[in-house]
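The numbering of the sequence shown is the working numbering, which starts it at 1 and goes up by one.
No lab work stands behind these hints, which were simulated from the structure alone. Don't take each hint at face value.
Claimed, not checked - Derived DEER-like restraints, expressed as beta-carbon distance ranges:
| id | residue 1 | residue 2 | range |
| --- | --- | --- | --- |
| 1 | 613 | 87 | 23 to 33 Å |
| 2 | 619 | 581 | 51 to 61 Å |
| 3 | 560 | 56 | 23 to 33 Å |
| 4 | 171 | 5 | 31 to 41 Å |
| 5 | 448 | 426 | 21 to 31 Å |
| 6 | 418 | 482 | 20 to 30 Å |
| 7 | 548 | 252 | 18 to 28 Å |
| 8 | 248 | 613 | 48 to 58 Å |
Stated by the list, open to error - Straight-line alpha carbon distances no greater than 25 Å define the calculated PhoX-like cross-link-like pairs of lysine-lysine that follow:
| id | residue 1 | residue 2 |
| --- | --- | --- |
| 9 | 385 | 311 |
| 10 | 385 | 462 |
| 11 | 385 | 363 |
| 12 | 506 | 385 |
All C-beta atoms, glycine included, are put in the ideal place defined by N, C-alpha and C.
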Amino acid sequence: MTTTAETRKFEAEVAQVLHLVTHSLYSHKEIFLRELISNASDACDKLRFEAIANPDLLAGDGELHIDVSWDKDARTITLRDTGIGMSRDEVVANLGSIASSGTRRFLEAMSGEQKADARLIGQFGVGFYSAFVVADRVTVLTRRAGDAPEAGVKWESDGRGEYALESAVLRERGTTVVLHLKADEDEFLDGWKLRSLVRKYSDHVAFPIRMPKEAPFAGDDEAKPDAAPEWETANDASALWTRPKSEIGDEEYQNFYKSLGHDFNDAAAWTHNRVEGSQSFTTLLYLPSQPPFDLMMGGRDERKGLKLYIKRVFIMDAAEELLPSYLRFVRGVVDADDLPLNVSRELLQHNRQLERIKGACVKRVLDLIEKLSRDAPEKFTAFLKAFGNTLKEGIVEDHGNRERIAKLLRFASTKSEGAAQTVSLDDYLGRMAPGQDAIWYITADGHRAAAGSPQLEAFRAKDIEVLLMSDRIDEWMLGHLREYAGKPLRHVAKGELPLDAADKAKQEEAAKAAAPLLEKLKTLLGERVEEVRVSARLTDSPSCLALSDHEMAPHLARLLREAGQDVPENRPTLEINPAHPLLQKIEAETDEARATDLATLLLEQAELAVGAPLPDPAAFVQRMNRLLAG
């Protein structure tokens, strides 16, 4: 046959990744072995799944395994798998470009403070390129299962911007990766070293990882250059989740998580359970300690969510089918005994058995988070910092667990010191003032804006605690969390405040006395306000905005408009404190132009306090300058 050879340039982002990998990684060099073995295991998993429908794909060698060998004289490490292999187009797609939408995020992270941190490699789906940490040339030989021997492909690169591609005749399916080591990487040509790395990082891999009993070509008089090595299995080669919990130590659980999640950090917690009965399945679920890079965006499918196995046969990474979106940070595996092996993605979406498994997974995860909150408060605080906003999505998405999720959330309050100190809703209920019938909160653009809002003044005066909610998701979440433990949640700026008889009489008297001032302000402000009224919320500040019960907070409306969303315009209701000197000055002002400037400034400072945009910032500056100049 005619072989075709060509030299291609890497896509720009691949070239940047390779440059960073080869020049910036100084620690954890051994990550390359974990990543390449993980890729080989994925290839074996994919072949085993495809062979369910097409058994002929296993022709020639029905055993799925991964071989790791080394040659001290040639200074090479070779990894070979008998998995699915790749076609020429797949080689170009997988090794010449990076399909991950998070690649640019990876480049930014690696160029910043974490540029020497190998933890990022696997998380961003660029694990193959970690080979160039220890190798100055990498050769890949691969043939896809089911293709003819002549359809093999040879890929080779020194990682400097180009790769060579040519056809090759390969008798066996699968992929072989040959690493030509750099001059200062002799430690990886030691059999004991490689075996220890396999045991450390890949002992859980469910396929045999075979290594030669003795290093071939290492100078042994009995070793023959053309003799086939005698192989022995270097890993446990059993799925960790199938073993009894009593036989698995914490270190094994953590090592499995690190490979599964492509993470160098330990998991925060995990839960391992076997359900027996009419529907039997095993779950091993982990809470990460740090968020993956693509938590709030799309990423490589094989890098997210739970892995679904049926009788230890890998089916898919099925985050959407096994866990709701708000728990997408969870990593782990589900292995079911009695789902049909020919199940398809479409069937999974409507499979009642899978729905029951999903319900069990959600319960296990929420149980695990609750246990973390009770038993490890510091870990729980770190967990909420990383995943609290994602968890809040469950208030909207998971009606059945809404109160249980709300119980896990924590918020700053007017009785906590700073944004770092938080309280639970149960803490709040336990401290409610006698006769208080609502959980009060305020939303704002940031903690300081919430804590400094004039709308809190009356609550502070009456010693009523208010929750300070400053995450962007909070306003949306609270549209669905209307009550907790039978108590309604109320925004301090929405509606009219409930007043006792004495306060109500005082309020009516103040409104009556301020009637001329209210009318004057309405005239001066015209169409810019819906209403002007005396406030029950203010004790020190001159003004604030009040919202109707169903009105969107101004800071959220601004953010949505900036994102291109269509948000209806609402004229604000201005509340005033007639006792404030600024209001008294407006009332006494006889110059209409100056009175208009003062009244407009009164409104604009109230708008600024709640994060609303000023309609005309330049006019605001000019107005302020006129008033300051006197």
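How the hints compare with the structure:
1. Taking 23 to 33 Å as the suggested C-beta distance range, the pair residue 613 and residue 87 does not conform, at roughly 54 Å.
2. A hinted range of 51 to 61 Å is violated for the C-beta pair residue 619 and residue 581, which are about 24 Å apart.
3. Between residue 560 and residue 56 the C-beta distance comes to about 55 Å, which lies outside the given range of 23 to 33 Å.
4. Taken as a hint, the range 31 to 41 Å is violated for the pair residue 171 and residue 5, whose Cβ atoms sit roughly 20 Å apart.
5. The supplied range of 21 to 31 Å is met by residue 448 and residue 426, whose beta-carbon atoms lie about 26 Å from each other.
6. Between residue 418 and residue 482 the CB atoms are about 28 Å apart, so this pair conforms to the stated range of 20 to 30 Å.
7. In this structure, residue 548 and residue 252 break the distance hint of 18 to 28 Å, their C-beta atoms being roughly 57 Å apart.
8. Taking the beta carbon of each, residue 248 and residue 613 are about 56 Å apart, inside 48 to 58 Å as hinted.
9. In summary, the hint linking residue 385 to residue 311 is not supported, as the alpha carbons are separated by about 37 Å, beyond the 25 Å threshold.
10. Among the hinted pairs, residue 385 with residue 462 is inconsistent with the structure: their alpha-carbon atoms are about 31 Å apart, more than 25 Å.
11. The hinted pair formed by residue 385 and residue 363 meets the criterion: a straight-line CA distance of about 22 Å does not exceed 25 Å.
12. At roughly 44 Å between alpha-carbon atoms, residue 506 and residue 385 are farther apart than 25 Å, so this suggested pair is violated.
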